[in-house]
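Q: What follows is each chain in one-letter form.
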Amino acid sequence: MVRFKHRYLLCELMSDDPRCRLTLDDRVLGNLVRDTIARVHGTFGAAACSIGFAVRYLNVYTGIVLLRCRKEFYQLVWSALPFITYLENKGHRYPCFFNTLHVGGTIRTCQKFLIQYNRRQLLILLQNCTDERQREAIQKSVTRSCLVEESSGEELSDGGEEAAETME
Amino acid sequence: MAAFADLDLRASSDLKALRGMVETAAHLGYSVVAINHVVDFKEKKQEIEKPVVVSELFTTLPIVQVACTHLDVDLVCVTVTEKLPFYFKRPPVNVAIDRGLGFELVYSPAIKDSTIRRYTISNALNLMQICKGKNIIISSAAERPLEIRGPYDVANLGLLFGLSESDAKAAVSINCRAALLHGETRRTAFGIISTVKKPRPSEGDDDSLPACKKAKCEG
Numbered sequence: 180m181v182r183f184k185h186r187y188l189l190c191e192l193m194s195d196d197p198r199c200r201l202t203l204d205d206r207v208l209g210n211l212v213r214d215t216i217a218r219v220h221g222t223f224g225a226a227a228c229s230i231g232f233a234v235r236y237l238n239v240y241t242g243i244v245l246l247r248c249r250k251e252f253y254q255l256v257w258s259a260l261p262f263i264t265y266l267e268n269k270g271h272r273y274p275c276f277f278n279t280l281h282v283g284g285t286i287r288t289c290q291k292f293l294i295q296y297n298r299r300q301l302l303i304l305l306q307n308c309t310d311e312r313q314r315e316a317i318q319k320s321v322t323r324s325c326l327v328e329e330s331s332g333e334e335l336s337d338g339g340e341e342a343a344e345t346m347e
Numbered sequence: 036m037a038a039f040a041d042l043d044l045r046a047s048s049d050l051k052a053l054r055g056m057v058e059t060a061a062h063l064g065y066s067v068v069a070i071n072h073v074v075d076f077k078e079k080k081q082e083i084e085k086p087v088v089v090s091e092l093f094t095t096l097p098i099v100q101v102a103c104t105h106l107d108v109d110l111v112c113v114t115v116t117e118k119l120p121f122y123f124k125r126p127p128v129n130v131a132i133d134r135g136l137g138f139e140l141v142y143s144p145a146i147k148d149s150t151i152r153r154y155t156i157s158n159a160l161n162l163m164q165i166c167k168g169k170n171i172i173i174s175s176a177a178e179r180p181l182e183i184r185g186p187y188d189v190a191n192l193g194l195l196f197g198l199s200e201s202d203a204k205a206a207v208s209i210n211c212r213a214a215l216l217h218g219e220t221r222r223t224a225f226g227i228i229s230t231v232k233k234p235r236p237s238e239g240d241d242d243s244l245p246a247c248k249k250a251k252c253e254g
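Protein chains in written order, with my numbering: chain A, 180 to 347; chain B, 36 to 254.
Be a bit skeptical, because a hint or two may be false.
What the hints assert, rightly or not - Below, simulated DSS-like cross-link-like pairs (lysine-lysine); rule was C-alpha separation at most 30 Å, straight line:
| hint | chain 1 | residue 1 | chain 2 | residue 2 |
| --- | --- | --- | --- | --- |
| 1 | A | Lys250 | B | Lys147 |
| 2 | B | Lys147 | B | Lys167 |
| 3 | B | Lys51 | B | Lys124 |
| 4 | B | Lys169 | A | Lys250 |
| 5 | A | Lys291 | A | Lys184 |
| 6 | B | Lys169 | B | Lys147 |
| 7 | A | Lys269 | B | Lys147 |
| 8 | B | Lys124 | B | Lys167 |
| 9 | A | Lys250 | A | Lys291 |
| 10 | B | Lys51 | B | Lys147 |
| 11 | B | Lys167 | A | Lys250 |
| 12 | A | Lys269 | A | Lys184 |
Claimed, not checked - Just a sample of chain B residues kept apart from chain A, beta carbon distances all over 12 Å, derived:
| hint | residue |
| --- | --- |
| 13 | Arg152 |
| 14 | Ser157 |
| 15 | Glu182 |
Everything labelled a hint here was simulated from the structure, so no lab data went into it. Given the structure is predicted, the values throughout are model-derived calculations rather than measurements. All C-beta atoms, glycine included, are put in the ideal place defined by N, C-alpha and C.
Sequences are here, hints too, so could you generate the full structure?
A: Shown next, in the form of structure tokens:
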């Protein structure tokens with residue numbers, strides 16, 4: 180069976196500054212990762228990792244990023260991710276870092292993991308929130324995510340946006 | 036099941052920043068965190084409460100030999116900021132591993148600066164060749180919450196340092212727990228008996244009822 184095998188790295192962008200996530204752009208992010216790989220692994224790294232590399236999913240509100248790379252070189256890409264220290268966009272420099280949540284062979288496994296992760300994050304947000312209105316909104320999304328098990332695609336975006344709204 | 040631990044967060048004087056760092060670490064998935072007080076060698080008079088885990092930072096060969104064999108420490112920190120002027124010798128390192136000492140590698144200077152990165156990797160590879168990846172701990176000497184990295188990322192950094200995959204994961208979870216337990220056993224007698232100060236129960240209501248009557252009331 181001739182098929183190119185990939186690895187999908189699910190990462191979360193964490194930063195002090197809430198504006199950092201809003202300036203995320205897939206091209207900016209792709210260039211940032213490629214530069215970091217070149218810095219850490221040199222010419223070979225940059226060349227090897229760039230053949231199958233792509234940014235597959237980007238959620239600006241929650242900062243979730245899904246990167247794709249070839250299976251043979253995924254460790255090179257993964258080991259370069261901790262060395263990212265800032266995001267530069269339009270002249271503004273935001274200090275941030277990437278936290279890898281999951282490595283999967285297909286987008287579907289990463290999506291399943293992301294749904295579970297978002298559910299857990301909603302529960303944590305529920306514990307920490309102070310405002311009554313926020314609390315109601317989060318409780319509504321928690322019950323909705325528990326009931327609706329079939330349509331997993333909608334939950335991804337819904338859970339994320341609800342969480343983002345309550346966080347603002 | 037694996038409890039990830041980061042055994043090196045540099046303590047600054049600001050409590051709020053420290054709390055922020057610990058919260059970030061908890062969010063990333065660490066269950067245990069150790070806060071480091073850096074004490075300079077010269078100022079021995081400084082009084083700190085008896086620490087659970089003691090680690091020492093070395094720059095010269097004779098100290099390393101003594102530390103591995105005799106000194107009462109738990110972890111040996113390997114300097115990463117400059118090229119080690121000496122090579123680790125196999126006999127003291129073997130004695131250290133038998134005693135249960137851990138070797139600690141720090142990764143946050145490597146994230147900041149590229150020459151330090153080179154020294155870190157070369158020192159780490161040097162250490163790996165001698166000790167074959169046993170009893171290694173990787174931790175961040177983070178001064179700000181942005182310098183901490185998640186446990187899976189740190190395990191991947193271990194691959195860069197020359198560890199195998201299972202060794203790298205162990206470096207973040209199992210070996211840290213071993214170092215903590217080693218610190219606990221230093222306080223106890225041969226690791227079996229330990230004394231804990233129990234707060235005295237309030238006199239009066241407990242002593243009025245003799246023990247057998249108390250049991251009947253509860254039963």
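Q: Please go over all the hints and tell whether each is borne out by the structure.
A: Going down the list of hints, with the structure as the test:
As the CA atoms of A:Lys250 and B:Lys147 are separated by approximately 28 Å, the hinted pair is consistent with the 30 Å bound. Note on B:Lys147 and B:Lys167: the hinted pairing holds, with a Cα-Cα distance of about 27 Å set against a maximum of 30 Å. Distance check on the hinted pair: B:Lys51 and B:Lys124 sit about 43 Å apart at the alpha-carbon level, beyond 30 Å; violated. The straight-line distance between the Cα atoms of B:Lys169 and A:Lys250 is roughly 28 Å, inside the 30 Å bound, and the hint therefore holds.
Between A:Lys291 and A:Lys184 the alpha-carbon distance is near 19 Å, which keeps this suggested pair within the 30 Å criterion. Distance restraint check for B:Lys169 and B:Lys147: the Cα-Cα separation of roughly 27 Å lies within the 30 Å cut-off, and the hinted pair is therefore satisfied. Restraint check for A:Lys269 and B:Lys147: satisfied, since their Cα atoms lie roughly 23 Å apart, inside the 30 Å limit. Simply put, B:Lys124 and B:Lys167 have alpha-carbon atoms about 13 Å apart, close enough for the 30 Å limit, and the pair holds.
At roughly 20 Å between alpha-carbon atoms, A:Lys250 and A:Lys291 fall within 30 Å of each other, so this suggested pair holds. With a C-alpha separation of about 23 Å, the suggested pairing of B:Lys51 with B:Lys147 holds against the 30 Å cut-off. At roughly 27 Å between alpha-carbon atoms, B:Lys167 and A:Lys250 fall within 30 Å of each other, so this suggested pair holds. The suggested pairing of A:Lys269 with A:Lys184 is violated, with an alpha-carbon distance near 35 Å, which exceeds 30 Å.
A beta-carbon of chain A comes within 12 Å of the beta-carbon of B:Arg152; the shortest separation is about 8 Å. No beta-carbon of chain A comes within 12 Å of the beta-carbon of B:Ser157; the shortest separation is about 15 Å. Consistency note on B:Glu182: stated as away from chain A, yet its beta-carbon is not over 12 Å from all of that chain's, at 8 Å minimum.
The structure fails hints 3, 12, 13 and 15 (numbered hints given earlier, in ascending order).
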